[in-house]
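Mapped onto my numbering, the consecutive letters of the sequence shown carry residue numbers 1 to 170.
Hints were generated in silico from the structure; no laboratory data involved. Keep in mind that a hint or two might mislead.
Calculated pairs, DSS-like style, for lysine-lysine (alpha carbon to alpha carbon, straight line, at most 27 Å) [as the list claims (entries may be wrong)]: (1) 132 to 46; (2) 43 to 73; (3) 132 to 155; (4) 36 to 13.
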Amino acid sequence: YFNSANECIEAAKLCPPDIFIGYLLPNDPRGEEVVKRLRSISKDIKIILVFSSAYPRLIHCALKFQPQAILFKEDAVDEVKRAICAVVNGENYFGAAVQNAIVGGALTMNGVSPTRREVEVLNLIAKGNTTKEIATELNISVNTIETYRKALFTKFQAKNSTGLIICLLY
């Protein structure tokens with residue numbers, strides 16, 4: 001635990017941590033600077049960013065630093081445990097609240113107006129679900145999911161699911 005960014009950086013220079021968990025505030029460049037400086041000390045440091053709220057634009061900006069996990073300060077202890085365990089095991093962790101903020105922010109920033117059902121499909125695509133899995137989850141046919149996918153591709157001007165997710169992130 002450190003009270004200042006400089007204190008954290010100096011300690012990291014002496015003994016680079018395996019994991020850095022940092023609490024970031026909207027529009028506070030100090031958090032961004034700490035992440036940049038830690039990455040310059042060691043490329044192996046795993047970064048978990050914590051935000052005060054699901055502020056979509058902040059999350060989108062934070063993604064450029066390639067954190068291994070993003071959490072919110074109001075997340076339950078179990079959510080924090082899942083994130084830390086995933087990161088320790090070499091995985092990334094972006095819980096439902098983060099995924100919803102990413103999707104919601106992309107919709108707002110891109111001026112796209114999908115239907116409620118398209119948003120549900122989009123969230124499931126973002127989680128990596130297949131068309132069949134989405135159909136089962138939403139209890140509708142595979143053909144209907146394909147129709148929703150095509151509508152989303154058109155609205156976001158994407159060629160495939162990967163392109164659609166890239167549109168959401170940038």
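**Report entry** Satisfaction of hint between residue 155 and residue 132, Cα-Cα up to 27 Å
**Finding:** Given that 27 Å is the threshold and the Cα spacing comes to 22 Å, the pair holds.
Query - residue 36 paired with residue 13 [C-alpha distance capped at 27 Å] - result: holds, 13 Å
Requested in this report: Decide if the proposed pair is consistent with the structure: residue 43 and residue 73, CA atoms, cutoff 27 Å inclusive.
Outcome: holds, 26 Å
**Report entry** Given hint residue 46 paired with residue 132 - CA-CA distance at most 27 Å
**Finding:** Violated. Residue 132 to residue 46 sits at ~34 Å, over the 27 Å cutoff.
Taken one by one, the earlier hints fail for this structure only at number 1.
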